[in-house]
Amino acid sequence: MSNDTSRPARARSPEEKGQRRDDILRAAERLWAKTPHAELSMNQVAREAKLAKGTLYLYFDTKEEMFLSLLTEHLQAWLNRLTTLFDERRPTTPGEVADVLIASAQGYEELRRLLILLGTVLAHNEGLDLTMRFAREVRQMLQPVVERVPLPPEVTLRVLVHAYALSMGWQHATEETFATDFVRRQRDIAFLAPRFEPEFGLALRAVVERLAAEG
Numbered sequence: 001m002s003n004d005t006s007r008p009a010r011a012r013s014p015e016e017k018g019q020r021r022d023d024i025l026r027a028a029e030r031l032w033a034k035t036p037h038a039e040l041s042m043n044q045v046a047r048e049a050k051l052a053k054g055t056l057y058l059y060f061d062t063k064e065e066m067f068l069s070l071l072t073e074h075l076q077a078w079l080n081r082l083t084t085l086f087d088e089r090r091p092t093t094p095g096e097v098a099d100v101l102i103a104s105a106q107g108y109e110e111l112r113r114l115l116i117l118l119g120t121v122l123a124h125n126e127g128l129d130l131t132m133r134f135a136r137e138v139r140q141m142l143q144p145v146v147e148r149v150p151l152p153p154e155v156t157l158r159v160l161v162h163a164y165a166l167s168m169g170w171q172h173a174t175e176e177t178f179a180t181d182f183v184r185r186q187r188d189i190a191f192l193a194p195r196f197e198p199e200f201g202l203a204l205r206a207v208v209e210r211l212a213a214e215g
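Numbering (UniProt numbering), first residue to last: 1 to 215.
With a straight-line Cα cutoff of 27 Å, these simulated BS3-like cross-link-like pairs (lysine-lysine) come out: (1) K34 with K63; (2) K17 with K50; (3) K53 with K63; (4) K34 with K53; (5) K53 with K17; (6) K63 with K50.
It is worth saying that the hints were derived from the structure and are not from the lab.
All chains should be modelled from the sequences, with the hints used to inform the complete structure.
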C-alpha cells in the first residue's frame, strides 16, 4: 500500500530540488523547536516533511550535515543583516563597531541556539571533511564583513570569534525557564536571571575596545 502522506521520491528540476531541500530544513527546524537534537531522528524529519526516509539521504548524508546546513542558512541571514548595518552606519571607531555588532544580534536567538549545538554536538560528531568544508564556507561568508570593519582583518576576525563565543555563553546563561520571571522578581537573587542583550552588549563592547587597542 502506498503512503499518501509522502511526496514523490525524486524532485526533477533544480527548482524542485531546491524546494525539497528547503522543505526538509523547515521540517527539521520545526521539530527542533520542541525536540532535543539527541532525540531527533532523520526518520522523524522525513515524516514531518512528508517524505520517504530515503529521500532525505539524497540531500543530506547525516543529521549533522542537515543541521550544519540549517546553521549556515541562519548564519548567512545574520551576516547579511550585519553587512547592511555596516553599510548604513559606516562606523569609524571601535565603539561604533561594537554598537553595530550588538544591534545585529537582536532577533537571532535561533542562530545562537544553533551555535551552541555546533559547539557541543555537531563539532564532535561530524567528519573531518565536513568540518573543513564548513569552516572554509564560514570564512568565505565572513569576508564581506571583514572588508567593512575599520580594523585590521586579523583583529576583525578575532572580534567575530569573540562575538561567537560570547553569544553562545550569554544565550546559555539567559535561557528562559519556568522559574525565570519569579527569580527576576526577587531582589536578592534577580542577578541569577540576567537578560541576553544588556549583558552580551557589555561584554562585547569591552572585548572590541581591548582587541582594537592591542591591534
